[in-house]
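K.L.:
Now for the letters of each chain:
Number of protein chains: 2
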Amino acid sequence: MVNWNNLDTLKSYEALTKVSRVDLVSVMSGESGAERVKKYQVPMAAGLSFNYASREVDDETLKALSELAKEAQLSEKFEALYNGEVINTGEKRLVLHQLTRGQLGNKVVSDGVDKREFYLSEQKKIAAFADKVHAGEITNENGEKFTTVVQIGIGGSDLGPRAMYLALENWAKKNGCFKMEAKFISNVDPDDASAVLGSIDVSHSIFILVSKSGTTLETLTNESFVTDALKKAGLNPSKHMIAVTSQTSPLAKSDSYLQAFFMDDYIGGRYSSTSGVGGAVLSLAFGPDIFARFLDGAAAEDKLAAESDVSKNPAMLDALIGVYERNVLGYDATAVLPYSQALSRFPAHLQQLDMESNGKSVNRFGEPIDYVTGPIIFGEPGTNGQHSFYQLLHQGTDIVPLQFIGFKNSQIGNDVDIQGSTSQQKLCANVAAQIVAFACGKKDENLNKNFKGGRPSSIIIGDELTPEALGALLSHFENKVMFQGFVWNINSFDQEGVQLGKVLAKKVLAHETDGALSEYAKLLNI
Amino acid sequence: MVNWNNLDTLKSYEALTKVSRVDLVSVMSGESGAERVKKYQVPMAAGLSFNYASREVDDETLKALSELAKEAQLSEKFEALYNGEVINTGEKRLVLHQLTRGQLGNKVVSDGVDKREFYLSEQKKIAAFADKVHAGEITNENGEKFTTVVQIGIGGSDLGPRAMYLALENWAKKNGCFKMEAKFISNVDPDDASAVLGSIDVSHSIFILVSKSGTTLETLTNESFVTDALKKAGLNPSKHMIAVTSQTSPLAKSDSYLQAFFMDDYIGGRYSSTSGVGGAVLSLAFGPDIFARFLDGAAAEDKLAAESDVSKNPAMLDALIGVYERNVLGYDATAVLPYSQALSRFPAHLQQLDMESNGKSVNRFGEPIDYVTGPIIFGEPGTNGQHSFYQLLHQGTDIVPLQFIGFKNSQIGNDVDIQGSTSQQKLCANVAAQIVAFACGKKDENLNKNFKGGRPSSIIIGDELTPEALGALLSHFENKVMFQGFVWNINSFDQEGVQLGKVLAKKVLAHETDGALSEYAKLLNI
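Protein chains in written order, with this note's numbering: chain A, 3 to 528; chain B, 3 to 528.
Derived by calculation from the structure, the hints in this document are not laboratory data. Treat each hint with caution, since some may be false.
Since the list gives no way to pick out one identical chain from another, each pair is judged satisfied if it fits inside one copy or across any two copies.
With a straight-line Cα cutoff of 25 Å, these simulated DSS-like cross-link-like pairs (lysine-lysine) come out [claimed, not checked]:
| no. | residue 1 | residue 2 |
| --- | --- | --- |
| 1 | 185 | 175 |
| 2 | 175 | 233 |
| 3 | 234 | 451 |
| 4 | 134 | 175 |
| 5 | 94 | 444 |
| 6 | 255 | 451 |
Since the model is a prediction, treat every value here as computed from it, not as a measurement.
Required output: the full structure, derived from the provided sequences and hints.
P.N.:
Structure, rendered in structure tokens:
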């Protein structure tokens with residue numbers, strides 16, 4: 003049995019608040035710094051490794067964090083989760099996204115269905131469908147091959163799949179497995195759908211309608227937008243559209259789609275990239291084998307998250323250090339900084355993953371809590387960010403912990419040698435330099451040119467951003483967020499905070515408003 | 003004469019810390035809320051208006067802010083700036099970006115040159131060049147028209163121009179003034195340049211190399227990348243490339259370019275969208291007339307910023323309320339939330355503009371300060387953000403002030419009527435609903451479904467995102483950042499915090515490292 007207790011009731015947390023503060027400038031300088039870089043790293047899946055030498059921890063802090071992990075029963079809670087307990091208590095649901103890519107524990111049966119078998123069978127159905135599209139067995143009305151796939155979805159049905167597609171697009175082109183270009187329609191702003199439709203040849207496009215409930219207003223609106231466009235082009239929408247939804251949704255049995263693929267309520271939107279939500283678009287774009295390799299990377303990383311020895315569990319370690327930074331050191335935000343253009347939208351995905359999961363003020367029993375929870379997450383790829391907001395990160399009045407990601411090799415492999423180094427070497431040199439600049443700073447008598455240092459960061463390093471590495475990266479952050487939710491004793495798997503806005507928007511559209519809302523509606527001409 | 007004093011030495015600031023706290027839930031409910039929405043708004047240029055009814059202020063707060071504006075001499079400081087005083091004291095430079103779009107005060111002469119005339123003449127040179135390209139008078143080696151323009155630049159040479167291009171791309175297509183597609187190469191990651199080059203027809207592409215100093219490593223590296231690609235395609239790079247740089251840069255007199263256009267040290271990178279840095283790419287993409295309309299919008303908004311009555315000066319008002327939120331109320335971040343897909347990269351531009359300008363810990367005399375300065379800036383377009391990080395904004399443990407932007411009409415004008423409303427109406431209904439949901443909240447006995455409210459926001463509302471409206475928006479935020487820098491007594495126009503990373507990266511590339519830096523370099527295979 004696991005015990006769910008608030009963080010501030012744990013003895014190990016009180017102990018953590020009393021550990022000696024690490025002076026990064028001092029410990030990261032000279033030989034001590036070199037030793038830390040060699041010592042404070044842990045292997046991840048797919049050849050990645052997590053190096054936390056420049057986080058504000060030492061052996062004493064890590065021991066205290068390890069005690070916290072034990073008292074908070076992080077491993078036991080993860081075990082309960084992957085063995086199918088009702089972890090999403092608010093919505094009374096299991097939490098099974100890890101099961102879309104592997105089986106960590108016992109068979110999970112719900113309503114008589116082996117859930118691993120269910121997810122696998124949907125993955126296979128998608129694979130078979132994608133193979134037929136690629137082989138020209140499923141075509142448009144004129145018997146011509148589809149060349150473009152367009153995902154219609156919002157939130158978790160958009161951000162994760164889009165970030166994953168962009169992450170592998172160039173890799174797939176380079177490695178001869180680029181099958182179809184993918185586009186995404188998400189916003190209810192009509193200009194979003196108009197612009198995407200204007201940029202493609204609809205007669206050779208297949209659309210994926212993604213909505214678990216089948217009732218997401220933005221997505222249904224954009225479906226209409228697309229079906230209108232298809233009809234105007236003299237095409238039959240039902241021959242150009244598939245659905246990814248739950249079996250109980252109104253979309254599931256509609257004959258408006260070529261085929262429907264299923265997920266269920268146990269896969270939260272922001273955790274759905276490894277389900278059919280990511281599976282359909284990625285399998286169509288790159289082929290089912292590439293999607294399977296992506297899942298393999300995630301599954302391998304999940305296994306490491308199930309390791310009870312904190313020092314061998316990168317996600318748990320990252321989570322615990324993050325809690326220390328947020329609750330003890332008082333840092334309010336975390337920046338995600340991938341030195342990889344392919345990961346340009348990965349921070350936007352993590353922004354949803356983290357902030358929607360852990361931006362909560364009540365514990366899992368609906369009681370108020372007296373400590374801060376999820377931080378603000380933001381980020382852009384390096385080196386671009388260096389020429390943008392790094393000024394504040396280096397010399398601003400607040401300290402922002404940083405999560406770097408870097409790869410030894412580029413995806414495409416084209417490069418140019420200028421001033422004695424390649425672009426890839428310059429990219430890697432910059433991320434190495436930034437970590438040390440943030441940690442150690444540099445004294446200058448002119449305080450405007452002075453760098454205080456003491457600004458913590460960690461880095462995940464890989465050989466190359468492959469499908470496996472991407473899966474491992476995704477799993478790492480999903481599990482980090484999950485462990486932090488466990489520590490904070492909150493439910494990371496619901497999102498009640500998005501409801502009120504929806505209710506009020508409906509009132510505006512029904513002209514059932516008064517007071518301020520009525521005046522704002524007037525100003526906006528509704 | 004203006005006096006430069008730290009914020010915490012001002013009597014009006016002390017008074018501001020003592021004003022009664024506004025209870026947003028209470029004042030924004032019922033008739034009082036409706037009155038506030040009507041009362042707390044101020045017209046901007048280009049038909050925009052700034053509504054701050056849902057910010058945490060009332061007449062008492064506003065009076066205190068107005069006193070602060072007077073004591074901090076905000077109008078006098080702006081006047082000194084636009085009349086050509088050395089406001090960027092760290093680098094001993096004038097600050098003249100407003101002069102690229104209009105003349106607010108006296109003639110500004112530097113080194114015998116009338117700077118307004120200089121910026122205008124460069125704008126005209128660019129216009130003449132763009133007209134010749136569009137007319138087919140300047141062509142590729144085969145006498146064929148250029149169809150694509152590619153900007154090579156990073157930071158301010160990338161984020162602003164890219165955001166502006168995306169903001170007007172669909173508008174230009176709809177309004178028959180779309181001349182050339184634009185692409186952007188920024189990151190030193192070789193996959194960035196490779197991917198862009200792989201997506202265009204280089205033989206019909208014209209490249210704009212943008213670097214004020216002519217020494218930006220990323221940009222010069224990417225220039226080589228491009229010239230290599232042009233040579234491999236049998237093309238003459240000097241017939242495909244122009245430069246935007248300063249007259250003293252090594253690029254200025256090079257014969258590697260069709261033509262060079264100039265800016266100077268008085269235009270900071272993040273303030274350069276209205277100079278040749280934005281001018282070349284926007285004039286080529288949409289035509290010089292559209293760029294001129296964008297400048298007109300910015301110039302008109304600048305005029306409002308020069309208004310000494312705070313209640314008629316949207317940028318100053320926004321700045322002052324932001325200082326109150328940051329320094330008195332203790333809010334650490336601000337989210338920018340445009341309900342317009344066209345503004346998808348506008349938050350990324352504002353992130354640089356704000357965080358690089360005001361992420362400082364010393365005052366303009368290089369002395370340490372004892373109060374917080376620039377906040378973290380992040381954001382994504384609505385309604386997408388609603389399905390991502392709004393959970394934390396509504397129910398997280400920290401309060402984040404919000405800056406909404408909305409337009410009554412879409413740019414393209416295609417729309418679809420579903421469930422009794424158009425997409426544009428749904429978009430506008432959502433932003434209205436969010437403002438009230440954040441301000442007023444909603445009580446629920448189930449605390450997991452309870453919304454505390456009290457979360458401040460403002461909104462800029464316009465008819466449509468036109469070139470003029472975009473210019474006004476840009477100017478608003480540039481001037482807001484400037485006024486906040488004045489209040490904090492910092493230099494918003496240098497960026498010494500970006501230097502250390504550059505120095506250390508060079509050491510890594512030269513293999514002149516030891517300690518932690520050497521170990522990180524090894525891990526990254528450099």
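K.L.:
How would you label the pair residue 175, residue 233 (within, between, both, or neither) given a Cα cut-off of 25 Å?
P.N.:
Answer is between: at 23 Å across copies they meet the 25 Å cutoff, but 32 Å inside does not.
K.L.:
Between residue 234 and residue 451, at a C-alpha cutoff of 25 Å, which is it: within one copy, between copies, both, or neither?
P.N.:
neither (62 Å within a copy, 43 Å between copies)
K.L.:
How do residue 134 and residue 175 come out at 25 Å by Cα distance, when the copy is not named: within, between, both, or neither?
P.N.:
within (20 Å within a copy, 36 Å between copies)
K.L.:
Within a copy, between copies, both or neither: where do residue 94 and residue 444 come within 25 Å Cα-Cα?
P.N.:
For residue 94 and residue 444, the Cα distance is within 25 Å only across copies (23 Å; inside one copy 52 Å).
K.L.:
State whether the alpha carbon distance between residue 185 and residue 175 is at most 25 Å within one copy, between copies, both, or neither.
P.N.:
For residue 185 and residue 175, the Cα distance is within 25 Å both inside one copy (16 Å) and across copies (19 Å).
K.L.:
For residue 255 vs residue 451, is the C-alpha pair at or below 25 Å within one copy, between two copies, both, or neither?
P.N.:
Classified as neither; 65 Å inside a copy, 32 Å across copies.
The structure shown violates the earlier hints numbered 3 and 6.
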